[in-house]
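Participant: Sequence:
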Amino acid sequence: MLENKTVLVTGGTGSFGKKFVKKALDSNVKKIIIFSRDELKQYEMKQEFDDKRLRFFIGDVRDKERLQRAFDGVDYVIHAAAMKHVDACEYNPFEAVKTNIHGAQNIIEAAIDCGVEKVIALSTDKACAPVNLYGATKLASDKLFVAANSYVGEKPTRFAVVRYGNVVGSRGSVVPFFKKVRHTGVLPVTDERMTRFWITLDHGVQFVIDNLERMHGGEIFVPKIPSMRVVDLAKAIGPECKIEIIGIRPGEKLHEAMIMEDDARHTIEFENHYIIQPEFPFWSPKFAEGGSKLPKGFAYTSENNTEWLSIDQLKSLVY
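Numbered continuously in the numbering used here, the sequence shown closes out at residue 1616.
Calculated directly from the structure, the hints in this document are not laboratory data. For glycine and all other residues, C-beta sits at the position ideal for the given N, C-alpha and C. Mixed in with the good hints, there may be bad ones.
Stated by the list, open to error - Pairwise CB distance ranges, derived in the manner of DEER restraints:
1. Y1448 with W1605: 41 to 47 Å
2. H1382 with E1604: 24 to 30 Å
3. E1541 with E1586: 47 to 53 Å
4. E1336 with D1384: 21 to 27 Å
5. Y1448 with T1481: 51 to 57 Å
6. I1540 with H1500: 25 to 31 Å
7. D1369 with E1541: 50 to 56 Å
8. I1540 with H1382: 20 to 26 Å
9. D1507 with E1600: 23 to 29 Å
10. K1452 with H1552: 38 to 44 Å
11. E1568 with N1325: 27 to 33 Å
12. D1384 with P1536: 26 to 32 Å
13. E1510 with P1473: 31 to 37 Å
14. E1558 with K1452: 31 to 37 Å
Unchecked claim - Pairs of lysine-lysine, DSS-like flavour, derived with a Cα cap of 27 Å:
15. K1521 with K1316
16. K1316 with K1349
17. K1338 with K1327
18. K1452 with K1328
19. K1532 with K1477
20. K1361 with K1452
21. K1395 with K1338
22. K1583 with K1440
Make a model of the complete structure from these sequences and hints.
Facilitator: If you want it as structure tokens, here you go:
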């Protein structure tokens, strides 16, 4: 899929970007451009990957002119840049709006203007029925990317979204935090009932690559992934530790969702994933051939999942 293609990754110095670059460089990709605003992280990434196909662009998704310069000659864009921390978005709300919503629109306009072939935006389970600002901005972003397919005109650009849950061990996730504080003998958990979707970084990256190939434009792709109980994760990382219940933080949910009942009415199920189909005239039912409709009242949430990770399975994932 990536053979002889030029691919740009926004926010490419993060966990996803590094894993994507590692996979892509094993293919016959023509060029990979890392677009991000942190020069130190770019410097460190240059030391980690010694490959002439890798390029680095300092820039911010808030700056459309810089995006237009970076997108020149690009075939595919993977949009991973975002403000992602729930707490930071709650206390810096308009900064999250400028990056996650205005930045999304800038990506869309720059991609159309530069004739980019395909754009996939990374989303989150928090965008489904959001209760925090991060989720609300990503829901707006998702809708912008889906709707963008309506106004490309004769241009070749197509947009799609990938929505998945928490990534095992990604920067800022609870796994490195638990590992950092377990020496104290206490692991803080906000609520013993809390559940989350869980996906490995490798699975998340491969899912994006697979959907680059299968996308027609307008889809929200949702993988079938397991759930886990946060208390079980704490027991897996610090079995000797006491678990302290500290209460839910601002903007936090007990359970996450990736498909709610209203979306399920126009969602198609496949063996390993779902496609939330856009409700726009440009979408053709033939694009979802091979899938099946979901039963009435279906919702895909972390607490009603049919697949769960045990404490032993969690141990194998985090170590």
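Participant: Hint by hint, work out which the structure violates, then give me just those numbers in ascending order.
Facilitator: No numbers; nothing is violated.
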